[in-house]
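Novice: Two chains, two frames, some hints: make the complex.
From first to last, the protein sequence lines stand for chains A and B. When you line the first sequence up against my numbering, it's residues 1 to 495, in that order. When you line the second sequence up against my numbering, it's residues 1001 to 1465, in that order.
Since the hints were derived computationally from the structure, they do not count as laboratory data. Take every hint as true, because none was put in to throw you off.
Among the chain A residues that face chain B by a calculated CB cut under 7 Å, a handful are:
{"id": "1", "residue": "136"}
{"id": "2", "residue": "170"}
{"id": "3", "residue": "180"}
{"id": "4", "residue": "181"}
Note that the structure is predicted; figures quoted are calculated from it, not measured. Where is the CB? At the ideal position from N, CA and C, for every residue including glycine.
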Amino acid sequence: MLSVLVFLPLVVAGLLLVLPASAAWARWVFVVTTLVEVVLAAVLWADYRSPGPESLAFDQQVDWIPDIGVSYHVGLDGLSLPLVVMTTVVFAACAVFALRDQHRPRTQAALFLALETTCLGLFAAADLVLFFVFFDLSIVGMYLSLHGWGHGERRRSALLFFLYTFLGSLALLLGFVGLYVASDPHTFDMVALAADPPLQGSGTAGALVLAAVLLGLAVKTPTVPFHTWLPPAHTDAPAIGSAVLAAVLLKMGTYGFVRIGMPMLPEAWRAWAVPLIVIGLLSIFWGALVALVQSNFKRMVAYTSVNHMGYVVLAVGAAGVVGGSSAEDRSTAVSGAVTQMVSHGLLTGALFLLAGVMWTRRESYHLAGYGGLARHAPGFAVLLVVAALGSFGLPGLSGFVAELQIFAGSIPVVPAVATGLLGILLMTAVLLRAVQQVLTGPVGALSEAFADVRPHEWLPVAVLLALSIGLGLAPQPFLDVVGPAADTVAELVAR
Amino acid sequence: MDMTADIVAVLPEGILVIGAVACLMLGSWTPRSRQARVRATAAATTVVMLAFAVAGLVREPTTAFSGTVAIDELTGVLRLVVGGSLLVLLLLAGGEVRGHPRESELAVLLLLGGAGVLLLGAATDTAVLVVAFLLASIPLYGMVGLSTDPRAPEAAMKTYLIGALCGILMLLGASVLYGLAGTTAYAGLDALASAPAAGAAAGVALLAVGLMFKAGAVPAHFWVPDATQGTWITTASFLTTVPKLGAVLAVVRLLQALPPDRVWVLLVAAVAAVTMTVGNLAALTQHDVRRLLAWSTISQVGYLLAIAAAVPGSDLALPTLVLFLAGYAATNLGAFAVLATDPGRTEIDDWRGVGRRRPGVVAALAVLLLGLVGTPPTAVFVAKALTLTATWEAGLAWLAVLVAANTVLSLAYYLRWLTACLRRPDVPRTGEDRASTQATRVAVVCAAVAIGLGIGAAPVLGLVG
Chain A
1 MLSVLVFLPL
11 VVAGLLLVLP
21 ASAAWARWVF
31 VVTTLVEVVL
41 AAVLWADYRS
51 PGPESLAFDQ
61 QVDWIPDIGV
71 SYHVGLDGLS
81 LPLVVMTTVV
91 FAACAVFALR
101 DQHRPRTQAA
111 LFLALETTCL
121 GLFAAADLVL
131 FFVFFDLSIV
141 GMYLSLHGWG
151 HGERRRSALL
161 FFLYTFLGSL
171 ALLLGFVGLY
181 VASDPHTFDM
191 VALAADPPLQ
201 GSGTAGALVL
211 AAVLLGLAVK
221 TPTVPFHTWL
231 PPAHTDAPAI
241 GSAVLAAVLL
251 KMGTYGFVRI
261 GMPMLPEAWR
271 AWAVPLIVIG
281 LLSIFWGALV
291 ALVQSNFKRM
301 VAYTSVNHMG
311 YVVLAVGAAG
321 VVGGSSAEDR
331 STAVSGAVTQ
341 MVSHGLLTGA
351 LFLLAGVMWT
361 RRESYHLAGY
371 GGLARHAPGF
381 AVLLVVAALG
391 SFGLPGLSGF
401 VAELQIFAGS
411 IPVVPAVATG
421 LLGILLMTAV
431 LLRAVQQVLT
441 GPVGALSEAF
451 ADVRPHEWLP
461 VAVLLALSIG
471 LGLAPQPFLD
481 VVGPAADTVA
491 ELVAR
Chain B
1001 MDMTADIVAV
1011 LPEGILVIGA
1021 VACLMLGSWT
1031 PRSRQARVRA
1041 TAAATTVVML
1051 AFAVAGLVRE
1061 PTTAFSGTVA
1071 IDELTGVLRL
1081 VVGGSLLVLL
1091 LLAGGEVRGH
1101 PRESELAVLL
1111 LLGGAGVLLL
1121 GAATDTAVLV
1131 VAFLLASIPL
1141 YGMVGLSTDP
1151 RAPEAAMKTY
1161 LIGALCGILM
1171 LLGASVLYGL
1181 AGTTAYAGLD
1191 ALASAPAAGA
1201 AAGVALLAVG
1211 LMFKAGAVPA
1221 HFWVPDATQG
1231 TWITTASFLT
1241 TVPKLGAVLA
1251 VVRLLQALPP
1261 DRVWVLLVAA
1271 VAAVTMTVGN
1281 LAALTQHDVR
1291 RLLAWSTISQ
1301 VGYLLAIAAA
1311 VPGSDLALPT
1321 LVLFLAGYAA
1331 TNLGAFAVLA
1341 TDPGRTEIDD
1351 WRGVGRRRPG
1361 VVAALAVLLL
1371 GLVGTPPTAV
1381 FVAKALTLTA
1391 TWEAGLAWLA
1401 VLVAANTVLS
1411 LAYYLRWLTA
1421 CLRRPDVPRT
1431 GEDRASTQAT
1441 RVAVVCAAVA
1451 IGLGIGAAPV
1461 LGLVG
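With the rest of the complex left out, here is chain B (with noise of 0.2 Å):
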């Protein structure tokens, strides 16, 4: 294939990047005060790489770069929910850092970031797999970094040593499997079926660490709720949903290039059974509501990983996993979205009559909220059940009965921040309330797509398979 061709393939890629570059210098060339200006191009720069997602997503699937990166349908609906993350994001961020010395570079990075996960979500070549691991790492680390909280610094000091760990573990990975291979490609990767098996399983395991960091999961998920926690809402939306979609569309993708073997499967299943556990008890003692929501996404990704373990025994599974990419996107999303209406209120107990205080808000937060559990008709309600069939037909019917048990753990600890917001409070709060109309509208619009996605599941199942 030539040159072109490769580049016409991966143009969403690649506009993100250019378009990063453009806002890196407009950035530079504007003064403070105007820096909304970089936030809107950053969003039309979005809006011209969705358009060619679209594109791309009609064209016959295909491989770029000598069969390193798959441009598929998954490819495909990966950029979509990206780049509509992406479009969510830099809405939030108009509320959060409009004036911040900081504004122009946070764009910069959440279009770099995005580019890495999507280059992640691609891969089929375990040398750009690394290569993707880094580009969307090392935005996160900036990102988390870029607050003035005072905890932003150990945030992104956290993130970024247990980052910098999982990945040389992901690179000794990535040599131990070309040493046994003999190939970086994923299309070589058969061979390991007559290498030794305590070197290719560990191969794959390590290889495999980098990917859990990616997607806050189990053993590599101590930096999310610390970096939730300590920088602004917007990064933190940021790096709650949108690495995780690239780094699990990463594993179903190696899995399916492993040989034959049950072991992967039970390896990815016993870490998505450990993560969703893990993530659902520790969210439970929770009462800042970041953390709250951080553990939330640990817990969700052990989902998704469950639906990745079923990709090779169920039919049913890579639609299944499309549609919580997608549910998941937009409900985790408006989630945090709620939190930006009006950051000040941190602790659970601050949110004791904002029911009254701010009906829509509470609504959207309650169709969220739900929605996360799993309560019909939102998208992951579909998702869930789904995932409960695919796993089953895999031959995985333990798992499905922990996701159900996972999502009843779950529902006590998304119920208590709900109910705080019905209950009256103890002292009125003095002082406007402050809410910001901007992220009230991002929050009742992705609660609207999540009930949406629900209702409307067939065509997003259709979509690949």
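Just chain A, with the same shape it has in the complex (with noise of 0.2 Å):
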């Protein structure tokens, strides 16, 4: 089931590249595949029971290169579930958001739905070659999505995109190779790392292969300072890209943090976690400082990614100081990291396809070029305000949930980090006079006859946002799923 789920897509790009499908029929096909994918996924969730530590709920594995223990092992478990969820609800947004997309539909609906197999497949992976495998292919799908359907220097963009993240992808690389010469016996298989945690005790050379996994997994994230491919890839990216590589690429570091970096590393994590913090709190306070510069509308989104993604790393460094605090703290802020993952990837995906629907009406990103905007396009002022309200942690949506768990966790861990806090502050500053400048004041040029949104438009849009809404108001049952799973690495990491 789970393999289904993952390579469905990508089974389904095969046949739309092969077989002669008209444009229209490339777009209902990637629709309609990608709708299969969010009930396969919910079908996925209703059936998930919390599998305990050291195992996995859907737990699947075949020899690949049994003679280096590389296999083709999936599984879930509550961090990689909600992310999943949270990926198939995305692709299945943005296909329809592309309903009307002109340049070339077809291969883009192949190579989108190639992207979300190598997606889904890297939260599923439970082994460190496949891992690999995905998080690569991953970067090969979206520099064709920037190269083929970017706008502005699109080309210089998408080169930048991947030298920098395949450096860090060979970065991450060696880290495995690390984890692996050091195993006994030599293994890649991610649970068995996480259950017998190689290189405890080594002192100097768990660090160093710490510092491998986290200097890739920081470039994908990004964190402050390697963060600078990230805003000309977004600003040059497709609408659908943009969501796709923030939502989603974007978690694939994140989620690194808990899934190899905390269970197999613990020692060396506790070492590494007052740089971690002081990384967190960098890219917090530098991602807001700079987006609040921001002439561009989408340049500003992508510098609140990194502003956003300097929580998680927050969270989980603050979950590595062990002495002093409590399991329950460190466990609130693991969870917290996991919530805002899949929060920010259901604002961002948002705030990015409504920069899509600016890019598709005027071209132009210009904040100040869009003032009164309100009043020509009502709908799209609604989406707007909320995923805005969202971002920056309004109570009742997601991200406020997610950001009230890391504080949560961290403060009683290292009260400097409530500093953080401030980043909260100037993230609303931020949003709101992006909000303002678009919205309100009087009509600017861009806005003159500005088409409010269409269907195909709002609706992926109010989902994002009403799962959102929904996560804020109801947490609990989300919190239920990826509470045990915090709990033990909350366990694993004071190892």
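Specialist: Structural data, given as structure tokens:
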């Protein structure tokens, strides 16, 4: 079942390329497939029972290269299941949003379906090599999307994206090899490595291996100072490319923290905890401050991602400070990190799709150019306001639940991280300012005769925002899934 | 061991030589317009050779001719990879040299060169190694010179001069080692442990120079780009693929035979490090796709030598090497086959817009170039991941880091070519777009094999060790 969920989009992508489908067909196949994926993911969620430590639900394992302990091993737990579901929802939203796209829709549908397989595969992977395979292929897919469907300086941005994230992925691979070489018996199996972490008590060696892993994940996340590829990539990407990149691909980095770094290298993680907290705080402030001075809407949203991912890094760093903290606090911080990943996926996905609406109308993201848009496009205005409110963490939306947990879990451990709360204040200023510039005031040149959102545009955005509100108002079912897994991670990192 | 058994043991090599002679005679009696039958004969010979190679693979490992040639799993795998490569090359030659006055000669030289490479990879005696070097090199000089490209004479001359110089140095090295160890057999090289260190080092280094020429590795790599650019694509594919396979195996065998001393490992590791870095740096600035691929093959042999350096220190290294050799051959030949689909496109910019006209060719090219980078799930990816593992295990973690860093470096130029294909052309190309369907098919099959070897890596790894 899980493997079907992972590979169905790839199979459909292959068929789309081989069979002579018309553009209209291709678009609908894209929508239907992603909706089927949502249904499959929902069924998995309904079937899901917390698997307990050192095991996975929907576990499936087939030998691949047995000589070195590499296998096709997939499974889910409370860390990965929410991300899998979020991924299917984001892709479905993108498919609907792309229903009117004119530029080579067949190839685009095939590309995004293939990309969906790599994203789902990564979150489902329980083998480091398999994880890496999907990690790397997602880079190729996103590169092609940027290169083929982007605008502006898309080629340069695409190349920068590829080089940067590929460098990160190779650092990651080196880290994985380090884990393999240090494990006894040698294995790449993630369950086995988490159950019996290698490099315990090895001091420098463990710290170096973790450094390689962290570098790889930090580039993908991205955290300051490895974020420079992100703003150009986002600015020049097509709307649905940006949405997938921000909502799903960035999570590959943060997911790696909780899935690989903390459980497999606990001792080294504790040693790296303080630098991680510092990097998290830097990302929070840097992302917010730079976002504040942007005049380009999409660039601004891109920098808010740096800020939001900073909270995740802060949380996982704080969870590594074991002395003087209770397991409960650490678990809360980890749970907050996972919630933030999902919440950010929904909200930033919505924001980037709204940016796409601006681009299809006016081919410009210039904030000041769109004044008084609320008058011409009330539907657009409502969606933008809700997405912005969620993004700076207004209670009632998912961002609040996430940030509350992150700070509730982190501040008892390291009181100094309370300064990070200022980041939320800054973010509020950033988003309110943007909303103000776009929606209120005198009508700008770009706002004249701006057609309001059409069904294929508002529907996906509204669904993403509705999920965010649902998560914000009734987080308990979600937290029931994440909680046990977060407890496990908090326990494992304390070993 | 009696003579018959010896001959049976080296039957695949023998078949290639006999086939070459037969093709030579057949070619001289066949009218120029019907020389395709010579290529067909050569291909048939290769198929027979492959059949015997498979048969040899299931037999127990042995040696032939008083222990001067090892017939083990490594030799067996080399036979399969070289045989497969020869078939690909003969197919490619069909599109390129059909009706050319030297059509049959090319087939003959391919078979002879292949036999030389097999001997190079199997030799366990310095004297045989030198003979194998000559057998593998002389057809190469001729092959490069066959092309009527105005650059071909210079390319052939350069290849020949560097080859001859390296051959002489190699012979000198073999003599020095004979003088120190009192034998040419690898089995007797243990005696070097008690020989003067400087002498032994000089002998081994000089011997290695010849192998570096065949591998196209630093410091004997200068001929590769010129020869690749100045000759037929078929020849270029041969010289950047097949000799490397035998040379790297020869390095492994030499390393295993030398007295266990860290210095030899470090020597190979250093050559590997310099070769991959030089190859990648030089490839970055190339505009001609043939030179770009040539420098890329130099960098690739650096990775291969990195595994060779790990052989004494890691059990994983030999299986990795086998996978890398097979994966590299398929991927590199495929990339050259893409060149052969339209030999007129020599500059990177000439490839603009090809993505729209020939999506199949560019899809294959994407798989192959990303394969050379080491993107999953291709064979070179699995091999490279294992290379990192093996070198790390062998205590060469710095080399693993360097392999990873070089991989990132290489990405820039592979992508440059690939993105050119995806771009819109400035001026639409006029005239008929004549892409060789034969070469397209070869490229697609090679891409499929590259992915297949990656996903089905386990059985290939299981062939040795």
